[in-house]
Structure formats: structure tokens, C-alpha cells
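In my numbering, the protein residues as written are 10 to 193.
Rather than coming from a laboratory, the hints here were simulated on the basis of the structure. Here a beta-carbon is modelled for each residue, glycine too, at the ideal position from N, C-alpha and C. Hints should not be assumed to be uniformly reliable.
The list that follows gives simulated cross-link-like pairs (lysine to aspartate or glutamate, EDC-like), each with its CA atoms no further than 20 Å apart [claimed, not checked]: (1) Lys105 - Asp59; (2) Lys146 - Glu122; (3) Lys80 - Glu43; (4) Lys166 - Asp87; (5) Lys105 - Glu54; (6) Lys128 - Glu118; (7) Lys129 - Glu118; (8) Lys146 - Asp108; (9) Lys154 - Glu43; (10) Lys154 - Glu74; (11) Lys105 - Asp62; (12) Lys105 - Glu63; (13) Lys166 - Asp90; (14) Lys146 - Glu118.
Each pair of labels, with its calculated beta carbon distance range [to be verified]: (15) Met117 - Gln151: 18 to 24 Å; (16) Ala73 - Ser131: 37 to 43 Å; (17) Ser88 - Thr116: 31 to 37 Å; (18) Leu81 - Ser109: 28 to 34 Å.
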Amino acid sequence: MLSFHSISSFGKGAIRRFPSNVSDVKQRAARHFEDVLQCAIPAFEGLFPDSHDEVVRILLFRLAEWHALAKLRIHTDDSLDLLSRATRCLGQQLRKFRDSTCSAFRTMELPREIAARQKKSSNSAGAGTGPSGARPKAFNIQTYKLHALGDYVSSIKMFGTTDSYTTQIVCMRLHRVASKQLNL
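Between the sequences and the hints, there should be enough to build the whole structure, so can you do that?
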């Protein structure tokens, strides 16, 4: 089993070193989550029983495939058809993950989620002290974020590719300029 922290950086600014606990990171940029997605399959391999391991690996592949197609800087009718098919496959795999894998495991809040909930309840006026332990946390497929994936193809046709309104390109350029000025 391979941990994210043991995955070495790759290329010049392509994939940076992962922190020791990837699930505990906060205030990370989108590129950090992109790096996690690109390296997730080997890091997740073998964490689950065989039947669930395959579902998770296919889901991670579908997520990476969809992300790569959505981030293309130039689209053709064929690439948009591929993105549309990838979106359907991703939706099917998400439902399979929800129905088979998520129902087989009891997942709980992370320590930082518990702390945030406790802080919020202690700050609210007149709130009684509730249970202080971790609460169950289920995978929710009915979110706007997942629902909006189906609109990407029409949005790209209407507004252009996603790199025409991203800040990642500017951030990468500024990072390179700062590195040169500091002789890093």
C-alpha cells in the first residue's frame, strides 16, 4: 500500500510534495486537489476488500478522465462527445459507488469536522451540549456540484473552455517569476 506522502514530486510545478495527512489539509488550492486526483489510484489500491477496491479504482479513473477532458484548452466536437460520454460513465460509477461501496461502510466525521461542529454549537446562544463524538457521515450524491457536471459540455459550447476563466495559469506564472527572483 502506497501513501500520498510517499509519492514524490513530479516535473517542474506539475505535482508537488503531498503533506503527511492529505485528508487533514485545509485551504488548499484547486491544483492540490488535482494532484491528489492524479495520484489517487495507486494510493487507494488495496485499501478496500476486492469487490469494493475495483469500484473505487474505477471511480477514481472516471473522475480523472472526466477532469482531464473538462480541462482541455481546445475542444472539438469529438472531444465534447468524449466529455459527454465520460460524464455519463462518471454518473453511473458514482451511483454504483453509492449503492455498493458506501452502503457497506460506516463513515464518520473527521476530527476537524467534529471540532468545527462543537465550536459552532458552543458559540450559538442557548444551545445545549449535544453528543461530542463523531457523527456518521454518508456520501451524498444529490449535491449541486455533482449535478452541475452534466452542464459542462453545454457551458463549454456557450462560454469556451474552462481555462479561459481560471486563475491557475496566473498563479503558476507568478510562482515561476518569484522563484527566479529568489534564485530558487
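Evaluation of the provided hints:
{"no.": "1", "hint": "Lys105 - Asp59", "verdict": "15 Å, holds"}
{"no.": "2", "hint": "Lys146 - Glu122", "verdict": "10 Å, holds"}
{"no.": "3", "hint": "Lys80 - Glu43", "verdict": "11 Å, holds"}
{"no.": "4", "hint": "Lys166 - Asp87", "verdict": "12 Å, holds"}
{"no.": "5", "hint": "Lys105 - Glu54", "verdict": "18 Å, holds"}
{"no.": "6", "hint": "Lys128 - Glu118", "verdict": "15 Å, holds"}
{"no.": "7", "hint": "Lys129 - Glu118", "verdict": "15 Å, holds"}
{"no.": "8", "hint": "Lys146 - Asp108", "verdict": "15 Å, holds"}
{"no.": "9", "hint": "Lys154 - Glu43", "verdict": "16 Å, holds"}
{"no.": "10", "hint": "Lys154 - Glu74", "verdict": "17 Å, holds"}
{"no.": "11", "hint": "Lys105 - Asp62", "verdict": "12 Å, holds"}
{"no.": "12", "hint": "Lys105 - Glu63", "verdict": "11 Å, holds"}
{"no.": "13", "hint": "Lys166 - Asp90", "verdict": "12 Å, holds"}
{"no.": "14", "hint": "Lys146 - Glu118", "verdict": "6 Å, holds"}
{"no.": "15", "hint": "Met117 - Gln151: 18 to 24 Å", "verdict": "21 Å, holds"}
{"no.": "16", "hint": "Ala73 - Ser131: 37 to 43 Å", "verdict": "40 Å, holds"}
{"no.": "17", "hint": "Ser88 - Thr116: 31 to 37 Å", "verdict": "35 Å, holds"}
{"no.": "18", "hint": "Leu81 - Ser109: 28 to 34 Å", "verdict": "31 Å, holds"}
Taken one by one, the earlier hints all hold for this structure without exception.
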